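Novice: Given next are the chains, with one letter for each unit.
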Amino acid sequence: DSGVVQSPRHIIKEKGGRSVLTCIPISGHSNVVWYQQTLGKELKFLIQHYEKVERDKGFLPSRFSVQQFDDYHSEMNMSALELEDSAMYFCASSLFQGNSDYTFGSGTRLLVI
Amino acid sequence: GEQVEQLPSILRVQEGSSASINCTYENSASNYFPWYKQEPGENPKLIIDIRSNMERKQTQGLIVLLDKKAKRFSLHITDTQPGDSAMYFCAASVNTNTGKLTFGDGTVLTVKP
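Chains as they are written, first to last, in the numbering used here: chain S, 1 to 113; chain A, 1001 to 1113.
What the hints contain is simulated information worked out from the structure, not anything from laboratory work. None of these values were measured; they are calculated from a predicted model. One or more hints might be untrue.
[Unchecked claim] 30 Å max Cα-Cα, derived DSSO-like pairs, lysine-lysine: (1) S/13 x A/1045; (2) A/1057 x S/44; (3) A/1071 x S/15; (4) S/41 x A/1045; (5) A/1069 x A/1037; (6) A/1045 x S/52; (7) A/1068 x S/13; (8) S/52 x A/1057; (9) S/44 x A/1037; (10) S/13 x A/1069; (11) A/1069 x S/57; (12) S/41 x S/15; (13) A/1068 x A/1045; (14) S/41 x A/1071.
Chain A on its own, in the form it takes in the complex (with noise of 0.2 Å):
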């Protein structure tokens, strides 16, 4: 199977500053490393992705980084905002096997304006 931690689990940052949660994980055959975002009472949405074939992804104000060697990914806030506080989520998944996917325990990140 797969094994994937996440730290920190709580995160405080002030506002426009930026933000970084890690991820390790197992199963060298993972290739597809999403993050979700999850607001309290809400389902988790995907924010950004991130496949093998590559090593750095970045979108509006968000960037993910892979690395295949130490098995590690990370996430990247720039410029933080008080609308970012909410849950995140890492996963890994084999995207030729079942596609399932396994998350991390999660990091709860406040932006403190």
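Next up, chain S with everything else stripped away, as it sits in the complex (with noise of 0.2 Å):
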């Protein structure tokens, strides 16, 4: 049972710089979220793409992109990256829009000095 896959596990980057984040839904999961976690505090909603569409978005940086591939896995593109992006970013994926069942991914740390 593969569940939700993020990749890297982890990453450092320096201040200024970019990095890319990807996601593996669950097979037969199009619903697609991003969230962001600071210092094991709350989970801050990013983004949520549903069948290769942006649905909602929140707290997503305008440096910061999303896109949903035509096989759903998605990828968070970060440029001009700053100290306080230094976080924790998951990943989580439903059925279909409206579905709140979400399986989450194990994150990605991203530091940046």
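With the hints as a guide, bring both chains together as one complex.
Specialist: Structure follows, in structure tokens:
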């Protein structure tokens, strides 16, 4: 049973740099959301895609963009990284938009130095 | 949107006693209320949820109560064990909409042996 797969698990980038985070949802899930968690605190909603279309956007900085592809995997492109972007980034998937039975990936820990 | 308030932020209980976490929400259209447990360095895992057509749900030592009138829901862990020590998050969503989860700020539960 492959759950939601995120890569890389850990990444260190310099301030001003770029990074790409990848999320592969559970097979059959076409609804993917991204959350940011700083210092183990609240989970902040960033963005949601369903069937390759952006459906809802939350705290996603304009320096970041997210795309969902034909196979429903999602990529977050992060540019002009700032120190405060250091966080855990979780993606989660569910069967369809409006279905909140999300399964979370293991997360990507981003450290900006 | 939705805002979810969660209290307490820190909870310490003796092994064998019960622990209660309370959440309130603002959007009366919210109809799905999951609870997640997150251990250090891990992803959030769904432990129990309740939908708006129910007032009470129980599973394996966990009880969730929902008071739609007061827009309040709570998690009760009975007979706590050291393994229950973790961060707990409540969340709310409007399942008929995007299904985005709005999380509370989390409760750090410590169960003392």
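Novice: Each of the hints needs a verdict: does it hold here or not?
Specialist: Comparing the hints with the structure gives:
A distance of roughly 28 Å separates the Cα atoms of residue 13 of chain S and residue 1045 of chain A; the hinted pair therefore holds under the 30 Å criterion. The hinted pair formed by residue 1057 of chain A and residue 44 of chain S meets the criterion: a straight-line CA distance of about 27 Å does not exceed 30 Å. Simply put, residue 1071 of chain A and residue 15 of chain S have alpha-carbon atoms about 42 Å apart, too far for the 30 Å limit, and the pair is violated. For the given pair, residue 41 of chain S sits about 15 Å from residue 1045 of chain A by alpha-carbon distance, which is consistent with the 30 Å threshold.
The straight-line distance between the Cα atoms of residue 1069 of chain A and residue 1037 of chain A is roughly 26 Å, inside the 30 Å bound, and the hint therefore holds. For the given pair, residue 1045 of chain A sits about 25 Å from residue 52 of chain S by alpha-carbon distance, which is consistent with the 30 Å threshold. As the CA atoms of residue 1068 of chain A and residue 13 of chain S are separated by approximately 45 Å, the hinted pair breaks the 30 Å bound. Straight-line distance between C-alpha atoms of residue 52 of chain S and residue 1057 of chain A comes to about 35 Å, which puts the hinted pair past the 30 Å bound.
For the hint linking residue 44 of chain S to residue 1037 of chain A, the alpha-carbon distance of about 16 Å falls within 30 Å, and the restraint holds. At most 30 Å may separate the alpha-carbon atoms for a hinted pair to count; residue 13 of chain S and residue 1069 of chain A exceed this at roughly 48 Å. Using a Cα cut-off of 30 Å, the hinted pair residue 1069 of chain A and residue 57 of chain S holds, with the two alpha carbons roughly 29 Å apart. This hinted pair checks out: residue 41 of chain S and residue 15 of chain S have alpha carbons roughly 23 Å apart, not beyond 30 Å.
As the CA atoms of residue 1068 of chain A and residue 1045 of chain A are separated by approximately 24 Å, the hinted pair is consistent with the 30 Å bound. The straight-line distance between the Cα atoms of residue 41 of chain S and residue 1071 of chain A is roughly 23 Å, inside the 30 Å bound, and the hint therefore holds.
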